[in-house]
Amino acid sequence: MIGVLQFPGTNCDMDVIRVLREAIKTETRPVFFKDSNLEDLDGLVIPGGFSYGDHLRAGAIAAKMPIMSQVKKMAREGKPILGICNGFQILCDAGLLPGALAKNIGLKFVCKWVDLRVENNDNVFMRFYKRGEVIRMPIAHGEGRYVCDEKTLREMERRDMITLRYAGENPNGSMENIAGVANEEGNVMGLMPHPERASEGILGGEDGKRIFESMVRCISLK
Amino acid sequence: MKPISLSLTREEVRRVRSLLGREPNKTEWAIIDVMWSEHASYKSSREYLKLFPTEGKDVVLGVGDDCGIVGFDERYAIAIAMESHNHPSAIEPVAGAATGVGGIVRDILSKGARPIACLDPLRLGDIYRDERSKYLFENIVKGIADYGNCIGVPTVGGDAEFDKSFNKNPLVNVVGVGLVERDKIIRGVASNVGDTLLLVGSKTGRDGIHGVTFASEELKSENEEESRPAVQIEDPLSEKLLIDALMEVYETGAVSGCKDLGGGGFVCATSEMVSKGGKGALIDIGKVHLREEGMEPWEILVSETQERMMLAVKRGREEEVEKILDKWGVQHARVGVVIEERRYIVKHNGRIVVDLPVEIITNPPTIHRRYKEGKRKEPEKPKIQDYEGFLMGMLADPNIASKRWIYEQYDHEVQTRTVIKPGMDAAVLKISDREGIALGIGCNSKHCRMDPVMGARGAVAEAVRNVTAVGGRAIAAVDCLNFGNPEKPEAFWKFKVSVEGIAEGLKAFGIPVVSGNVSFYNEADGTPIAPSPIVAVLGRVRLERIMTMGLREKGESIVVIGDTREEMGMAPVVDFERERAVDDLILELNDIGSITACHDLSKGGLAVGLAKMAFVGGKGFDVDIGSMPEKITVSEKLFSESSGRFVVTSAEAERVVERARGRGVSAQIIGEVGGKELSYGPFSVDLKEAEEVWERGLRDLLV
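Just so you know, the protein sequences line up as chains L and X, in that order. The working numbering applies: residue 82 is where the first sequence begins, and numbers increase by one. The working numbering applies: residue 1489 is where the second sequence begins, and numbers increase by one.
Source of the hints: derived by calculation from the structure; they are not laboratory data. Hints should not be assumed to be uniformly reliable.
Said to hold, decoys possible - Sample of chain L residues at the chain X side, in silico, Cβ under 10 Å:
#: 1; residue: 100
#: 2; residue: 176
#: 3; residue: 229
#: 4; residue: 299
Claimed, not checked - Distance condition first, Cα-Cα at most 20 Å in a straight line; then the derived EDC-like pairs of lysine to aspartate or glutamate:
#: 5; chain 1: X; residue 1: 1909; chain 2: L; residue 2: 196
#: 6; chain 1: X; residue 1: 1652; chain 2: X; residue 2: 1626
#: 7; chain 1: L; residue 1: 189; chain 2: X; residue 2: 1810
#: 8; chain 1: L; residue 1: 303; chain 2: L; residue 2: 158
#: 9; chain 1: X; residue 1: 1691; chain 2: X; residue 2: 1828
#: 10; chain 1: L; residue 1: 115; chain 2: X; residue 2: 1814
#: 11; chain 1: X; residue 1: 2164; chain 2: X; residue 2: 2065
#: 12; chain 1: L; residue 1: 193; chain 2: L; residue 2: 250
#: 13; chain 1: X; residue 1: 1909; chain 2: L; residue 2: 121
#: 14; chain 1: L; residue 1: 115; chain 2: X; residue 2: 1780
#: 15; chain 1: X; residue 1: 2164; chain 2: X; residue 2: 2179
#: 16; chain 1: L; residue 1: 290; chain 2: X; residue 2: 1921
#: 17; chain 1: X; residue 1: 1909; chain 2: X; residue 2: 1923
#: 18; chain 1: X; residue 1: 2164; chain 2: X; residue 2: 2076
#: 19; chain 1: L; residue 1: 193; chain 2: X; residue 2: 1810
#: 20; chain 1: L; residue 1: 232; chain 2: L; residue 2: 250
#: 21; chain 1: L; residue 1: 193; chain 2: X; residue 2: 2179
#: 22; chain 1: L; residue 1: 184; chain 2: X; residue 2: 1626
#: 23; chain 1: X; residue 1: 1630; chain 2: L; residue 2: 121
#: 24; chain 1: X; residue 1: 1909; chain 2: L; residue 2: 257
#: 25; chain 1: L; residue 1: 106; chain 2: L; residue 2: 250
#: 26; chain 1: L; residue 1: 115; chain 2: X; residue 2: 1736
#: 27; chain 1: L; residue 1: 189; chain 2: X; residue 2: 2188
#: 28; chain 1: X; residue 1: 1976; chain 2: X; residue 2: 1828
#: 29; chain 1: X; residue 1: 1514; chain 2: X; residue 2: 1810
#: 30; chain 1: X; residue 1: 1764; chain 2: X; residue 2: 1861
#: 31; chain 1: L; residue 1: 193; chain 2: X; residue 2: 1780
#: 32; chain 1: X; residue 1: 2176; chain 2: L; residue 2: 250
#: 33; chain 1: L; residue 1: 115; chain 2: X; residue 2: 2179
#: 34; chain 1: L; residue 1: 154; chain 2: L; residue 2: 196
#: 35; chain 1: L; residue 1: 189; chain 2: X; residue 2: 1787
#: 36; chain 1: L; residue 1: 106; chain 2: L; residue 2: 116
#: 37; chain 1: X; residue 1: 1815; chain 2: X; residue 2: 1828
#: 38; chain 1: X; residue 1: 1835; chain 2: X; residue 2: 1787
#: 39; chain 1: L; residue 1: 193; chain 2: X; residue 2: 1772
#: 40; chain 1: X; residue 1: 1815; chain 2: L; residue 2: 116
We put the beta carbon where it would ideally sit given N, CA and C, even for glycine.
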């Protein structure tokens, strides 16, 4: 069972649920932020949106909610946790991933399809991609500029924690073109692009679908 | 004597007194003032709006409610509505534009539908020369983006035109679209005596008081600061929670009626609900949850605080509803009940402060405005020496240049339905596995200024063509009619002939209007805007048969469909019979699979239309404009904006020509796809160079 976390203001939850249920055909349930029991879950997706209206800073309030202690417990148990867009911001703010997402360098919200290069396929979410492969997914964010300190960056590179980089134009000014990062164990990943919006050919492409397929495959192998 | 600070005319004041048989008190005057305003009552426009066709086999809920509903398949129907938020956006562009989105989304939501898309037609001032216009433009787009993105409703289309007549009075129109199961439609009606009126959403404050009366007067520069309190404040997170909470509330079946609190606020929503139900209301205004202390009853009744809805809840099921609202953190208050007697009674601290017949509130007298025929402008024919330079100038013109700067700020992908994205002829949203909807917009404000009659006819024709161009069959329309001061006979004439033209067009195409809005008083310091009757058309489309405008395969033939006439620099003549024949032809050609790319021609004519097809497809073309059979100049062939035309590409062009002949439509093969040049015959330009000019035209003015 995969859970899809809903905070007040989350707005990509239904899209992720639809992909997991219909395209990946896996059991999925919404997880309301007041839910107290996540024991039945094998994995979790924190989808995009504007949790708490992006007040203070995108993801800042959601990251402090009580349910996050259970999310951290899942992470410690090695269960896959995927943060997309606002979910990535929340994972960083909660300390589950290094770095932070700052306002886009252009100061404007940007919604467009971008090219991404797969930097690392050795984790729960990326095993169906080839290293170096260029894929396409849409982004849609106002605060997606990945930043971290120099030491963290070198550490991430050394431990192969950067999973995706913008391959063409850098749409938001992210450091080293970073679009997605994982923890060292490879079971927690965050990315700014929306794989659920790239899971059906008629909507523009299917390159994102493999992230969910990979996640589900890894769960079933356990 | 006229009571102070009322916008009613002396005649209307007399009318109120005689209908009521007594002097209304202060609170009652405040209610009537708002409900009899132009914006809330359509008192000047309603006798003409009757000309619109409103019936059709697909119409599930027609004009008169907050939005129209059109049948889609056995299970689902599409809700659609259109509104303006012009005056607020002229004063506070971010808040004004944002609350426009919020309002239309609640109109959709109030009918039980999940909002699935917005489209925003904009008319802005001369951003080349006028700094204020630039400021308004940037912030209007920001307002739409901040709000729409946050609530998770994709902004999938719209249009934008720039003209100095909009410098001080920009137009911000918005189309809302929703999806509803046919058996879950809720109406804006409270007809069960004893049902509870439950106010849901944000605490009521003093913002937006007199919003509708403010929208029913001309803008004056010196009044700008004092008008600010009439602008509402936006809170998209509250709206998002309203959407999530109400979608869950509707599942209970405990809601018997619902209406958004928009223009006219509390009193408008409640009085219209009970009026439509043939009932009355007993309100306890002291129960309303307030944001600030010391608000008087009249302020609470007419405040336009955003993110509020009025539910009629079946008696005895209130707690069921309230529990769900609590789960989402949405506030609520039981503020009244539906009563048998058709009176609108408001209590405050146990004292009756309003007691009016419902009819007086909701049925203001129609005003018969005088009109006087205006002059049509002479054509403005440019003398073109240098075709290439002229084309490049057009591509760089913000009216024609790429609108990427706008739509990339909108989340147009959320809800994963957007098959054809912004920047094309029409947006296409996936509804079921096999079918979707197409949404097209039409209105060339410059044409409307030159000739209101042909301009309005062109608005319908263009909206339908846009839907046709993606393979959609038009099934319904909504409109937003933006005009100047209706008290001026020439301005009112423009409105009158526009309605007549649109009505004729809709009848010819066989599509009903299901919802709409009229926005008068779009004048600043006495200068009226270019009349802008903006029409949005909803179409049905089979997903496997969608057409796009990008050129595809080298060697495919390029065919111009329809006649090109000497109509450069003027509003083209629109003949609906011919329009329909051309639209039907395109749909037939699409059905038999003869078309590989399709684009309707509008601004900038054939030259610009071909160029855009090349930019989108990333492929050049080689055509000979001279081979067109029309006996007109090369300039006209290139740039005439004649209506009723498409460019298609095909691998079986002879078949296209033959089918066209069968329908009495002209079709001319003028060349083929391929290369890295836009080659028109008399001249050619480099594809990349032209594309760069087109991409930068708008963007470079702003960053």
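Right, here's what the structure says about each hint:
no.: 1; hint: 100; verdict: holds, 8 Å
no.: 2; hint: 176; verdict: violated, 25 Å
no.: 3; hint: 229; verdict: violated, 26 Å
no.: 4; hint: 299; verdict: violated, 24 Å
no.: 5; hint: X:1909 <-> L:196; verdict: holds, 18 Å
no.: 6; hint: X:1652 <-> X:1626; verdict: holds, 16 Å
no.: 7; hint: L:189 <-> X:1810; verdict: violated, 38 Å
no.: 8; hint: L:303 <-> L:158; verdict: holds, 12 Å
no.: 9; hint: X:1691 <-> X:1828; verdict: violated, 29 Å
no.: 10; hint: L:115 <-> X:1814; verdict: holds, 12 Å
no.: 11; hint: X:2164 <-> X:2065; verdict: violated, 38 Å
no.: 12; hint: L:193 <-> L:250; verdict: holds, 11 Å
no.: 13; hint: X:1909 <-> L:121; verdict: violated, 39 Å
no.: 14; hint: L:115 <-> X:1780; verdict: violated, 30 Å
no.: 15; hint: X:2164 <-> X:2179; verdict: holds, 11 Å
no.: 16; hint: L:290 <-> X:1921; verdict: holds, 18 Å
no.: 17; hint: X:1909 <-> X:1923; verdict: holds, 16 Å
no.: 18; hint: X:2164 <-> X:2076; verdict: violated, 31 Å
no.: 19; hint: L:193 <-> X:1810; verdict: violated, 40 Å
no.: 20; hint: L:232 <-> L:250; verdict: violated, 25 Å
no.: 21; hint: L:193 <-> X:2179; verdict: holds, 18 Å
no.: 22; hint: L:184 <-> X:1626; verdict: holds, 18 Å
no.: 23; hint: X:1630 <-> L:121; verdict: violated, 42 Å
no.: 24; hint: X:1909 <-> L:257; verdict: violated, 30 Å
no.: 25; hint: L:106 <-> L:250; verdict: violated, 34 Å
no.: 26; hint: L:115 <-> X:1736; verdict: holds, 16 Å
no.: 27; hint: L:189 <-> X:2188; verdict: holds, 15 Å
no.: 28; hint: X:1976 <-> X:1828; verdict: violated, 42 Å
no.: 29; hint: X:1514 <-> X:1810; verdict: violated, 34 Å
no.: 30; hint: X:1764 <-> X:1861; verdict: violated, 37 Å
no.: 31; hint: L:193 <-> X:1780; verdict: violated, 42 Å
no.: 32; hint: X:2176 <-> L:250; verdict: holds, 18 Å
no.: 33; hint: L:115 <-> X:2179; verdict: violated, 51 Å
no.: 34; hint: L:154 <-> L:196; verdict: violated, 34 Å
no.: 35; hint: L:189 <-> X:1787; verdict: violated, 37 Å
no.: 36; hint: L:106 <-> L:116; verdict: violated, 24 Å
no.: 37; hint: X:1815 <-> X:1828; verdict: violated, 33 Å
no.: 38; hint: X:1835 <-> X:1787; verdict: holds, 14 Å
no.: 39; hint: L:193 <-> X:1772; verdict: violated, 50 Å
no.: 40; hint: X:1815 <-> L:116; verdict: holds, 11 Å
Against the hints set out earlier in the document, violations occur for numbers 2, 3, 4, 7, 9, 11, 13, 14, 18, 19, 20, 23, 24, 25, 28, 29, 30, 31, 33, 34, 35, 36, 37 and 39.
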